[in-house]
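Chains as they are written, first to last, in the UniProt record's numbering: chain A, 1 to 579; chain B, 1 to 712.
Don't take each hint at face value.
With a straight-line Cα cutoff of 27 Å, these simulated DSS-like cross-link-like pairs (lysine-lysine) come out [stated by the list, open to error]:
1. Lys534/A with Lys521/A
2. Lys79/A with Lys89/A
3. Lys569/A with Lys292/B
4. Lys356/B with Lys535/A
5. Lys66/A with Lys54/A
6. Lys440/A with Lys535/A
7. Lys106/A with Lys359/B
8. Lys24/A with Lys51/A
9. Lys96/A with Lys292/B
10. Lys537/A with Lys629/B
11. Lys218/B with Lys89/A
12. Lys92/A with Lys218/B
13. Lys535/A with Lys629/B
14. Lys113/A with Lys79/A
15. Lys535/A with Lys359/B
16. Lys119/A with Lys109/A
Keep in mind that the hints were calculated from the coordinates and are not lab data.
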Amino acid sequence: LGGPENYESGSATNYITRNKARKKLQLSLADFRRLCILKGIYPHEPKHKKKVNKGSTAPRTFYLLKDIRFLMHEPIVGKFREYKIFVRKLRKAYGKAEWTSVGRLKENKPSYKLDHVIKERYPSFVDALRDLDDALSMCFLFSTFARTGKCHVQTIQLCRRLTVEWMNYIVTSRSLRKVFLSIKGIYYQAEVLGQTVTWLVPYQFAHDHPTDVDYRVMATFTEMYTTLFGFVNFRLYQTLNLVYPPKLDCRSEVDLKGEFEEDYAMDSESYLEKLSALSASLARVLNTAEEEEAQIDQFPVEGVDLEQMEAREREQKDQDAHKRLFEDLKFFLNREVPRESLAFVLRCFGAQVSWDKSHCIGSTYDVTDETITHHIVDRPSVDKQYINRYYVQPQWVYDSINCKMLLPVEDYFLGVNLPPHLSPFVEEKDGDYVPPEKLKLMALQRGEKPVAEQEEEEEEEEEEEEDDEEEEEEMDEEEMKEEESLKTIEKQRAQNKVSSVKVTPGKMKTENKVRMEQEEKAEEKRLAIMMMKKKEKYLYDKIMFGKKRTVREANKLAAKRKAHDEASKGEKRKKKTKQ
Amino acid sequence: MMVLWRVVRLPRNGGGVAGRWFFFFFFLPHPPPPSRRLRSPSQHAPAQRSRPAGLNPCAGLNKSSGGGEAASACERWQPDALAQMGWQGEMTSDCDIRNTVGNIPMEWYQDYPHVGYDLDGKKIFKPIRNKDELDEFLDKMDNPDYWRTVRDKMTGADVRLSDEQVDLVHRLQRGQFGDINFKEYEPYIDFFSSETMIHPVTNRPQDKRSFIPSLIEKQKVGKLVHAIKMGWIKPRKPRDTTPQYYDLWAQEDPNAILGRHKMHVPAPKMRLPGHEESYNPPPEYLLSEEEKLAWEQQDPEDRKLSFLPQRFSCLRAVPAFSRFIHERFERCLDLYLCPRQRKMRVNVNPEDLIPKMPKPKDLQPFPTTQSLVYRGHTSLVRSISVSPTGQWLVSGSDDGTVRFWEIGTGRCMKTVDVGGAVKSVAWNPNPSICLVAVAFNESVVLLNPALGDRLVVSATDQLVSSYEEPEEAREQPVQWAAPAGKEHDAGHRLHLAHPKAVRQVTWHSKGDYLACVTPDGGSHQQVLIHQVSKRRTQNPFRRSKGLVQCVSFHPTRPFFFVATQRHVRVYNLIKQELSKKLQANCKWISSMAVHPGGDNVICGSYDCRLTWFDLDLATKPYKVLRHHKKALRGVAYHKHYPLFASGSDDGSVIVCHGMVYNDLLQNPLIVPVKVLKGHAITHDLGVLDVTFHPSQPWVFSSGADGTVRLFT
């Protein structure tokens, strides 16, 4: 009786249901969940569910048996059990009001470390970097939580510390590449040791804590992420020869020493805040190590495609230029702009930043400084304006970074209707819809000069006229001829009203050769498609359906844009006529 | 009768702190309470006892009223207050009219002349009150002490407050202590301070137990020692000295695989945001009103965007995203709850999927354009047939007529009204015979259209009329009759009356045999083969094998094809046996055609399929083509050219190149070459029959729109 119905071999033995796994590990569901989160174990979808489910079709989650066996050797499982016992003892001691034993038990509270788990999950540092996205987003979210009962205060503080360290690293290594202001928050993308890391930071508001979210799950994830994040930070600081935990440069430390610092906050707190101000550079292990410029060594390799080398070099140059985008510029942030984000972003590209002294710790110069080049304001007007600086809206900074060049400031002056903020993460393939603003930016990048707006308008009008003309021209010659013939007939009729049967000369049907060819080809294709095999036809239909859908969507967007442009143009004209 | 707890404090000389309390038990009659008559004594007795002493300033008033002579019952509860008042209470029994009723609501005595009892148990009568309002007013005006006169509730007497009492009231009103002499801000003397004093606070000698070791402590220590010994209490753990963070990847093993196993699937990253997520997106990405409505009505799982794109004029105006924590949480759930699976994405160029076919141009000739339309029928044309010479076309329609057309001109040469919807027409393939078989209702008529060569026409007539009755008449399933007179003039030569409705007629290539199909499920007489020259009818099958759809003769060899719903059976007519059974892989065969070579058969079916059988290859179809969108009604092979055509309800005729090679190893080549359209779809019916011209690469089609069309 070794039939397949016994489910004693094959895929039935490779999988295990969640409940069975839990029983095997002798853990409660919550502990099992925590273990799975910490160890990164996830369910698997077997190919033949019914076989694995031993003939039943009930919906179940399956884990790989190997995974569960792997979990059995985990020392944390033992710690979970110890903790369970500890809680039981503590409850008993409380119940008996034995305060000494309560104290003693608390002193010996079992705790576990996740170092080995991190090392196991990410055997190499690059692996850890690759998986840093979620860790970053989570820590940034937790660092913005209020110190309410949603999670431990220590966790929030740790998250804040780690995120500040991370931002400082990004500033010092100048590895930020893209920023995007979305309605959800601010997306940042950095290139750290060759890995692109993207994270999302919520806007600075108090959170409306939802009730249908299990914070225990989030807290477990954060526990794991903070451990990972700390180790990553340590390593990253090491690579830059920076002191970890980060310390301010002695020079800047002196600079930042405020007059009334003692009143401000406790020393440890103010230090973290000074770090989070991001306005000063960090201390290095070796003070002499100024950044050396890494030159690409030229290796004479046989059969090298020189073009590739050149392209790489050019790319490197572009990147260097991008890193120094805001160098030699001095910024001042007004108090209504998001200070942390802007300070972080600007410092990443080499700018000097300051803000009002009463706004935040760590300001380095005043509003009155004459050397300020850009003043970032997010209100319709400013009372006192200095002549020798630009007053721009914050979007200018972000757009310039994404565009990898300093955009003309005119579009971003105070009270000006801002141009749309585009996502730098979208890479259009041919056939996709590209918004006209993006085309304009691309033209700017290529070095084409932007045309002044008024001229543009005029041009547009001219263009329209031209278009009309063209359209007229385009009117088919045939039609013209027809019209002519009609006219002659009408004339004749007018001349002698008596209708007479007449033979009009027949027209040659001109054959459009190109069109004929195209049609022929299309028909050939149609006929060939008819002969496709069923399987391939299905696949082909699916691909073509997807293609058509993208085209349809692109067309829809284009049509919407056109309608919008026309509507706005009409409004403009109306205004003009009114004036 | 009620039990009353009376508590009386007898003042001692000196008015010391410690007093004595005496308890007297009295039994005195009380008037019943107005509302609660059955009130038990114990209910108000404890209230008396628990009354706090010395806190009721009113009590003090009562006490000292009348310089201590007129003490009320109240004073009994306020010993301290009395003491503080400095009341030197000589209790004179004669003037003591203290009420003994206790702390009861005095309303109970409202309707009685007395207000209670004195110490001797005698009634205290209410003082006579005969003052009316006016007297009261006058008293108020005249009496200088009116303001300090208070009515004693317990006795009902008016009491004038003394100066001290008024003072006391004022002090209490100001929130001061009742006792004038009490100093609240006196410096505090700290007796039990931290400083050791020379003298003990008390003179008590030290206890013995302070010199000998404590037994209890010994017990406790013993317990702890035992617990440590047994391992129940663990000593404090040493502090972990390793730093929180260190270089974890100091010894990195580049070859280390993940601790788990090789099947690890890394979690996919979050999707990066597009333009529509911007706080200030281009206007085309904002949703219009209808789109917004549609978005709101969709289920959250079905939405393409999880948020509504919005535009804010400046960064300052952007609010917090309300679903931020939700989204993060969902990501967490995805990470640890979602089953992961590696999915292979096919990355093919769709052009590569299209099979490489020979160009239709190279496969010419084939019909490409519609060149003639034969109009005349008023109803759908079910069947058409071309004369073997290629000059004439016959069509049978549901309007009950058979029309003969000249192919080249499109002229209708002749119309024969047969008086019934014509199901099938077939021109005799023998060029030396001019006969057309027409099937309608239950009969088949052989017509001589008298078109073309007169010699042939007359020869045909002669052939039909030369029949001689056999000597012994055999019983036949079909009645043969030779019409005369009018019908003969109209062209009718022979009538074959069948027992059931005839659906199809088809000739053998020699032109002598004629097969008819009378479809009927249970009957064994579904196929009949007639021999015209001998006017004989055979029923080749003894048993029915299903509903026969159509039949066909093999062009050269004595084989007979019978198509039932799902199968095509090939019978050997000489051996009288089933030689092959082809499985059509379709639901319902509608039509069938045999290749002139005889080794290939095509079948059209109502489920849009055209199946090509290679009889040498297998009984399964060599190819199934699903070109048509709707049911196929007719299929046909060309006699000479490698072409075949199929007509369908979608109104199109598809002409395919179907090359059959003499080499047995080479499979037939099938290439669709042209889709011909022209027929209008009426009543969901398009093309009903197709047939090729015998010599030219032309195809005829008849349609439900009452036309016959020629494509060349």
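Right, here's what the structure says about each hint:
A threshold of 27 Å between alpha carbons decides the hint, and for Lys534/A with Lys521/A the separation of about 23 Å falls inside it, so the pair holds. Straight-line distance between C-alpha atoms of Lys79/A and Lys89/A comes to about 15 Å, which keeps the hinted pair within the 27 Å bound. A threshold of 27 Å between alpha carbons decides the hint, and for Lys569/A with Lys292/B the separation of about 25 Å falls inside it, so the pair holds. Between the alpha carbons of Lys356/B and Lys535/A the distance comes to roughly 16 Å, so the proposed pair stays at or under 27 Å and holds.
A hinted pair counts as satisfied when its Cα atoms are at most 27 Å apart, and Lys66/A with Lys54/A qualifies at roughly 18 Å. With a C-alpha separation of about 44 Å, the suggested pairing of Lys440/A with Lys535/A is violated against the 27 Å cut-off. With a C-alpha separation of about 87 Å, the suggested pairing of Lys106/A with Lys359/B is violated against the 27 Å cut-off. Between Lys24/A and Lys51/A the alpha-carbon distance is near 21 Å, which keeps this suggested pair within the 27 Å criterion.
Restraint check for Lys96/A and Lys292/B: not satisfied, since their Cα atoms lie roughly 62 Å apart, outside the 27 Å limit. Of the supplied pair hints, the one linking Lys537/A and Lys629/B holds, its CA atoms being roughly 15 Å apart against a limit of 27 Å. In summary, the hint linking Lys218/B to Lys89/A is supported, as the alpha carbons are separated by about 25 Å, within the 27 Å threshold. For the hint linking Lys92/A to Lys218/B, the alpha-carbon distance of about 25 Å falls within 27 Å, and the restraint holds.
For the hint linking Lys535/A to Lys629/B, the alpha-carbon distance of about 18 Å falls within 27 Å, and the restraint holds. At roughly 10 Å between alpha-carbon atoms, Lys113/A and Lys79/A fall within 27 Å of each other, so this suggested pair holds. Taking the CA atoms of Lys535/A and Lys359/B, the gap is about 23 Å. The hint holds against a cut of 27 Å. A hinted pair counts as satisfied when its Cα atoms are at most 27 Å apart, and Lys119/A with Lys109/A qualifies at roughly 25 Å.
Hint check: violations occur at hints 6, 7 and 9; the rest are consistent with the structure.
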